[in-house]
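There are 4 protein chains.
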Amino acid sequence: MSNRIAAILIAALSISLPHIATAAEEGIIRLEGDRIQKERKHLRIPAVNGMQAIKCDFHMHTVFTDGHVWPNVRVQEAWRDGLDAFAFTEHAEYAPYQADVKRDPGRSYELAKGGAAEHNLTLVKGIEITRNTPPGHFNAIFIKDASKFPADRKEELDQVSVDEAIAQDAFLFWNHPGWKAKEIPGSYEWIPFVEKLHQEKKLHGIEVANGHGIHTKAIDWALERNLTIIGNTDVHNLISHEYKGHRTMTLVFAKDRSAEAIREALVAGRTVAWAGKYLIGREDNAKGLFEAAVKVAPVHHEATDRNNAKRKFREVTNDSDLVFEMKARGLPKIVLNPGSTQLVSFPAEWTEVEWQVTNVFVGTEKRLKVKVSLP
Amino acid sequence: MSNRIAAILIAALSISLPHIATAAEEGIIRLEGDRIQKERKHLRIPAVNGMQAIKCDFHMHTVFTDGHVWPNVRVQEAWRDGLDAFAFTEHAEYAPYQADVKRDPGRSYELAKGGAAEHNLTLVKGIEITRNTPPGHFNAIFIKDASKFPADRKEELDQVSVDEAIAQDAFLFWNHPGWKAKEIPGSYEWIPFVEKLHQEKKLHGIEVANGHGIHTKAIDWALERNLTIIGNTDVHNLISHEYKGHRTMTLVFAKDRSAEAIREALVAGRTVAWAGKYLIGREDNAKGLFEAAVKVAPVHHEATDRNNAKRKFREVTNDSDLVFEMKARGLPKIVLNPGSTQLVSFPAEWTEVEWQVTNVFVGTEKRLKVKVSLP
Amino acid sequence: MSNRIAAILIAALSISLPHIATAAEEGIIRLEGDRIQKERKHLRIPAVNGMQAIKCDFHMHTVFTDGHVWPNVRVQEAWRDGLDAFAFTEHAEYAPYQADVKRDPGRSYELAKGGAAEHNLTLVKGIEITRNTPPGHFNAIFIKDASKFPADRKEELDQVSVDEAIAQDAFLFWNHPGWKAKEIPGSYEWIPFVEKLHQEKKLHGIEVANGHGIHTKAIDWALERNLTIIGNTDVHNLISHEYKGHRTMTLVFAKDRSAEAIREALVAGRTVAWAGKYLIGREDNAKGLFEAAVKVAPVHHEATDRNNAKRKFREVTNDSDLVFEMKARGLPKIVLNPGSTQLVSFPAEWTEVEWQVTNVFVGTEKRLKVKVSLP
Amino acid sequence: MSNRIAAILIAALSISLPHIATAAEEGIIRLEGDRIQKERKHLRIPAVNGMQAIKCDFHMHTVFTDGHVWPNVRVQEAWRDGLDAFAFTEHAEYAPYQADVKRDPGRSYELAKGGAAEHNLTLVKGIEITRNTPPGHFNAIFIKDASKFPADRKEELDQVSVDEAIAQDAFLFWNHPGWKAKEIPGSYEWIPFVEKLHQEKKLHGIEVANGHGIHTKAIDWALERNLTIIGNTDVHNLISHEYKGHRTMTLVFAKDRSAEAIREALVAGRTVAWAGKYLIGREDNAKGLFEAAVKVAPVHHEATDRNNAKRKFREVTNDSDLVFEMKARGLPKIVLNPGSTQLVSFPAEWTEVEWQVTNVFVGTEKRLKVKVSLP
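Protein chains in written order, with the UniProt record's numbering: chain A, 1 to 375; chain B, 1 to 375; chain C, 1 to 375; chain D, 1 to 375.
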C-alpha cells in the first residue's frame, strides 16, 4: 500500500497532523514539525499616553561593511523579533570585505527595502559615521544619501562628516560613548567636540545601551542636555547567536509606526531604551511605561497576619513583556516577570504604595520611584 | 572582609542582582535565581461577545481519594496555570488510601477554600459519582454536601446517586464517555441510563475532553441534546508531570469569575473545551472565540507574483494563547501559533476569505468554517 | 470513511506518528504529543577514582508529616530527576495533618518501597529529629524503626532522640544549621550540644546545602571535625514547582548504588554537595570531581596574537552536567556549561595552568584551585 | 560610593556573580547573563565498532552564491552545533549576488579555512554542480579547484561538469533527488544520466535527506547500487532560524575526524543520515548505531502482573542524543528520548527481544529490526 493512498485518505478525513512528518507526496517525508516556521512573535509593550510603543533598532551591520549577514537576514530577524522599525548603519569609513563585496554603505538599504515593505516594517536610511575614538562613532538616521559621507578617517573630516549628516537633515546620535573606556583613558567623557555639536544643536541623541552594555554615565548627559535616550544592538553577528531573550532596542512612543511619526517622537525625546531586564529613560517616559504595564487590582481577600495585623490581598499584574523589580518599604521585594501576576498582601490601612523600581534607570545613579494608589 | 559588609555596600549602591546567589546574610548564600518563583502566568484567551473567558477545570483528585497530592497543591497549580475556577471531585464510592487518610469526599474543598480565596480563585464544591461502567462516572458540581452521596457501587444505587446530585441542585455531567471503549465493548454508546437522565433533564453536560483524550463521538451527542461541552484534566498526579503545555480545561464565557456567573454560562452552554491544540465547542461559541482571537489586518503591501497576478499582503494575527490551523482554498495552510503574526498574500480581487479551521471541532466529524471579510 | 479505517491503514504502512493525536481508536483522539512521558533523564556526573557518583537526596517530606504529596510522588520525582538513592525523613515530633492522616513517621517508607524497587532506586529508612532551635533539627538515616523516636519536643528529650538514632546505628547529620540565623540570634553557631555529639562520635555529617540555601559557615565546621558534607532538598512541595534546574543533592562516591556502598562512602566522607551551580566538598573530593569532568585537549591550532606572541589553542571540555567557573591569571574567565566545550588559546610557553574554580567551595572562604598540565 | 569601589570589593570577596550585570567598570553595566556565550554543545553519538561518529554537513551556501551569510557564520554554526566536518558547496553555475559580490565558488573555503582550523573543524573543499532538473544537482567534495567548473548550465556541459569533479578525484553525490517531484513530473526517477554515472563508477553517494525532506525512494537506489547514504542541510539561511533541534547531517563512522579518514569512511559507505528523529542507513550501519546507543540493563526487579504472570523489570537506556521509537510484539511502544532511560517489564521467560525500530530506515519501505538478548 503506497504512501500516496494514505495521504489521500488522511486528506479525505481532514485530520490535521501538524507536528509530524507528513507523507503527502510519494516518496518524500517532510519534517515540518522540526522546522522553525516563519512567524512574528508578539512583543507586548503597552501604549503610553495614547502613543504606541514602536520597537526600534537603529544600529546594525551587514556584509556591506563588517557584519556577517546579507541584508535580508536583518529583515527576517527584525520581523521575528517583533521590531517595528530599523535602520542599517553601515560604516561610511570602513569596509573590511571590499576585496569581495562592492563598497557602498547605502546598498543594504536598497537591497532590503522591498522585504521591509513586504513585512510591514519601517526601514529608515542610516549610516555610521566612524571616526577615531575620541570622539568615536555617530549614527545618522533619516539621511538622504549614504554615498555623500567621507570614506576615510582623517581627523579633519570629523566635523565634515557630522555636518554632512546635518545637511541631509539627519537625526544624529552618539554611539556607545564608553566603548573604549578601559583602552583609551579619558575616552568616556563629555568631550569638547561633542559639546560643540550639542551647542550647535547638531546632536540629538545618545546611545546609552549598545548591545550587552549599558553606558550609565551617558544617562545624565542625556538628561542634562535634553538628548534623546537610545538603545540599539549594533549587531554584526546573528541576533539568535547573541541574545538569550529580547534584543537591545529603543521603545519610541509615537502616533504610529511611520517614519514621520517615529522621527517626531525621537525629536520630542519620547523613548525608553531596553536592554536585558533594564529600562532607561527620562522620568516621564519611564513612569508612563511602568504605569501602563503594572496594575494593582482591587482587594480580593483580607486576612490577619501572625502579629494580628490586618492585611489586604491584591493582585499585582504585568501584562507586558518587560520585567519590573520593585521594592517598597514594608513589603517583600517583587520580581514581576513578563505576562505574570503576583499576590501582594498590603497592610490594611495603606491607601498607596511607593515602589522603587530598581531595574528602571531615570538617571545615572537614580532608579524610578512611583506612587500608586491602592484600589 | 565579611560578606555582610559586601552586602551592605551592594545595598547602598542599590544595584539589584536578581538572578544570583546573594550574600545578604552572614554565612548564607541564597540561590534565588535557581528557584521557580510563585507567580501566575497569564493565559490569554479573549472575551467573546462581552463575556470573559473563565478558565475552568472541574475534575481533579487529591489524597482524599486516589490523587497523589494534598489539596493545597491543586490551588497552587490552578493559580500558576492561569485557571480562574476549579472543583475537587473526589470519588464518592472509592477511597483507596482510607487505611491512612480519613474518608471524606468533601474534605479537600474544606482544606483548600482558604487558599483558593487568597489566590482569587473560585472554588466550586464537587464530587465524582463513580459508578461501574456502563454507565460510568458523572461529576456533580455546585453541590451542597458531599457526605450525602452513597459510598458504594451497588447497581441499584446508580440512580440514587445521580438523584442526590439533582436534589442538591447540582450541575451534572457525564465523564470521559469513551474511557473504556476498548475494554468494555459497547461502553462508548449513548445508553438508556443516560438517555433517561437526559429525558428527565438531569444531565447538563458531557466531558468531551478528559486529560489527554478527546472523545469525539460525544461532541455530536452534546450538540444533538443541547448538553454543555466540557473539558477537564481528571488529574490524579501532578499537572507539571503530565502536561507539556496548558492543561485540558473548559473555557466558560461568563460575565465574571464568580460561581454564579460560571453556573449561568454553563447552563446556557457557553463553553469551549480546550485540549492540546484542539478546541471543541458549539459552532456559535467556537466561531466567537476564533473571531475574537484571529484578526486580519488591512493591506500593508502589494506585489505581483510569478504569474503576474496581483497579490495583497495582510498580517494575520493571533494575540491569544490558542493555536489555529487554517486552510483556505488557494492559500497555503497556516499554523497560527500563540501570540504570533503571519504574512499572508491574498489574491488582489478577494474581498473575503473562508477559513477551514482544522483544529476546531464543531461536531464529531465537523471542523469550524468561518468567512472573514478582508479589510 | 471512518477513523478506524484510517488507523488500520496508518498501522499497515508502519508510519510512526509520535507527536500527534492519533486516531487509532474509533471516536478517540489521544494527545500523546502533549503528554510528558515517564522517563528518567540522565544526569551525567563522572566517576571519581573508580567510584561512581551516586546521586542522593536524604531529606524529604510527604503528607505523613508536613509535605504536600503522597509518597509515590517522591519516587516519581527521584526517578525523573536522575537520583539513585533517597530517604524520607518525616518529622518524629510534628504531624500537622494528623486530623486527616494517621500519624506514622515510618509510613512513607512502607508505602514507597515497592515503587522504589521497581524504579531501581535505593530507598533508605530515615527520620527527622525535629528539636527546637537551637539545637535545631537532625536527620537520622539508615535507621531501623521510625516508631521508636519520641513524638514531642520537650527539651529533655533532645538527647534521648539522638541517642535513639545512635542505638539504631543511624548515620546522623545536623540539618540546615543556619536556617534561623536571622530569627534566633546565636542559633547559627557550633553550640555545646552539637560539640558534645561530636565528642561522643554521634554526629557524622552536616547539611551545608539545604534547598536553595548554602550555609557556608558549616563548611569549615565539617572540615575541621571530619564531618561528611551533605546537600539535600528538604522538599515539602513539588520539585517541579521549586527548581529551575537540578535539585539540591549529595553526590556520594561509592562502589555502587546499594545502601551498603552508600553508607560506606558517607562514613568515609566521600561526598560533594551540589546546589545550583555550586559544588561544596572536601578538597580531595572536589578536586577529583573537577578532574574527572573537565579535560584539556591537546593543541589543535597555533597562532600569533596582536602583540606577536605565540598562542596554542586547546579545547577545554566538560562532558558532565555540572558547571565550572574557572579563572587563571592571564586568561579570560570561563563559564564551562554542562556538556560543552570552549576554545582556549594559551600562551605557547605554558606547560600547565592553575585554575581557580570559583563555584567550587572547599572551605567557608576557600575555592578550589587545581593545577592542570597542558598536553 | 562608586561602582568601582563595589567592583573591587566584590572581586576581593571572590564572589562570582556570573548571570548578572556586573559593575566592574566605572559607568558600564555588562549584561553577560543575557548574552549567548560562544560554546560548543556536545552532541552525543556513540562510536560504532571502534569507529567514531564524525558529524558532517557537506552542503551549504554563503553570500558567494545564494546563501544569506558570510562564511564565518558557517564556522560558528558548525562549531556550536557539534559538527566535526563540513564543506561549502557554492553553486558553480549560479551567483545571484554577483552585482555586489565577486563571483568565486571557491572563495568561501578560503575565507573560512583559518576559522575552521582554529575551531578544530575539518573543512573539506566542495562545490555544487547545479544542472537543470533533470538530472538536477550534484555535490563534489574533496575537490582541488572550484574555479575549473563550468559556470553556465547549457545541457551539453552536464557531463563536462561531473567529469571535472572526477578529474579532481572528488567524491560525487546526487543531491535531493526528489526536490522537484511535484513540479517536474518524472524528475524523481533513476534516470539514464545518473545510471550512466553509476555504470562508470563516477557516482559515489546520494543525498537521501536534504534539509527538512527525506527522499525515501533514494534509499533503495543507494542500497541497490552501493551508493553512500548522505544527509545534509543545504542551508542558505541561518541554522538557528530553520531547525528546532539538531540540523540534518551525515554521521560518518571513521577512524578520526581527519579529511582522509572521513573520505575512507564515505567510500566504504559507513554512514547514517540523521534528519529530525529519523535515521537512514545501510542495515549494518544502522544496526551498529542502535546497538551502540541503546542498552538493556540486567533485571533489577521482578513482579507478578494482574494475570498472575511473572514479569522482569529492566532499564532500557539511550545515552545518545538520538531518538529511538521501538516496538516489540507483546510490549508497549517506546519512544526513547535522548539521554534517557525507561523501565520495561518483560515476560519472565523471555531471553531476547526483537525490536522494530520504526524511526530507523534501512530501505525505502523497511525499518530496522534488531534482536537483543536480555541479560
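Simulated from the structure, these hints should not be mistaken for lab results.
Model, not experiment: these values are computed from the prediction.
Don't take each hint at face value.
Copies of the same chain look alike in the list, so a pair counts if it fits in one copy or across any two.
As the list claims (entries may be wrong) - In silico EDC-like links for lysine to aspartate or glutamate, alpha-carbon gap of 20 angstroms or less: (1) 196 / 104; (2) 182 / 32; (3) 244 / 32; (4) 201 / 224; (5) 180 / 32; (6) 113 / 315; (7) 113 / 220; (8) 154 / 260.
How the hints compare with the structure:
Proximity of residue 196 and residue 104 under a CA criterion of 20 angstroms is satisfied in neither setting, with 30 angstroms inside one chain copy and 48 angstroms between copies. For a Cα distance limit of 20 angstroms, the shortest separation of residue 182 from residue 32 across copies, 17 angstroms, qualifies, whereas the shortest one inside one copy, 49 angstroms, does not. Only between protomers do residue 244 and residue 32 lie at most 20 angstroms apart by alpha-carbon distance; the minimum there is 10 angstroms, versus 25 angstroms within a single protomer. Proximity of residue 201 and residue 224 under a CA criterion of 20 angstroms is satisfied intra-copy only: 14 angstroms inside one chain copy versus 68 angstroms between copies.
For the homomeric pair residue 180 and residue 32, the shortest alpha-carbon distance between copies (17 angstroms) is at most 20 angstroms, but the shortest distance inside one copy (46 angstroms) is not. For the identical chains of this complex, residue 113 and residue 315 are inter-copy neighbours only, at 18 angstroms across copies versus 45 angstroms inside a copy, given an alpha-carbon limit of 20 angstroms. For the identical chains of this complex, residue 113 and residue 220 are neighbours neither inside a copy (36 angstroms) nor across copies (46 angstroms), given an alpha-carbon limit of 20 angstroms. For a Cα distance limit of 20 angstroms, the shortest separation of residue 154 from residue 260 qualifies neither inside one copy, at 34 angstroms, nor across copies, at 50 angstroms.
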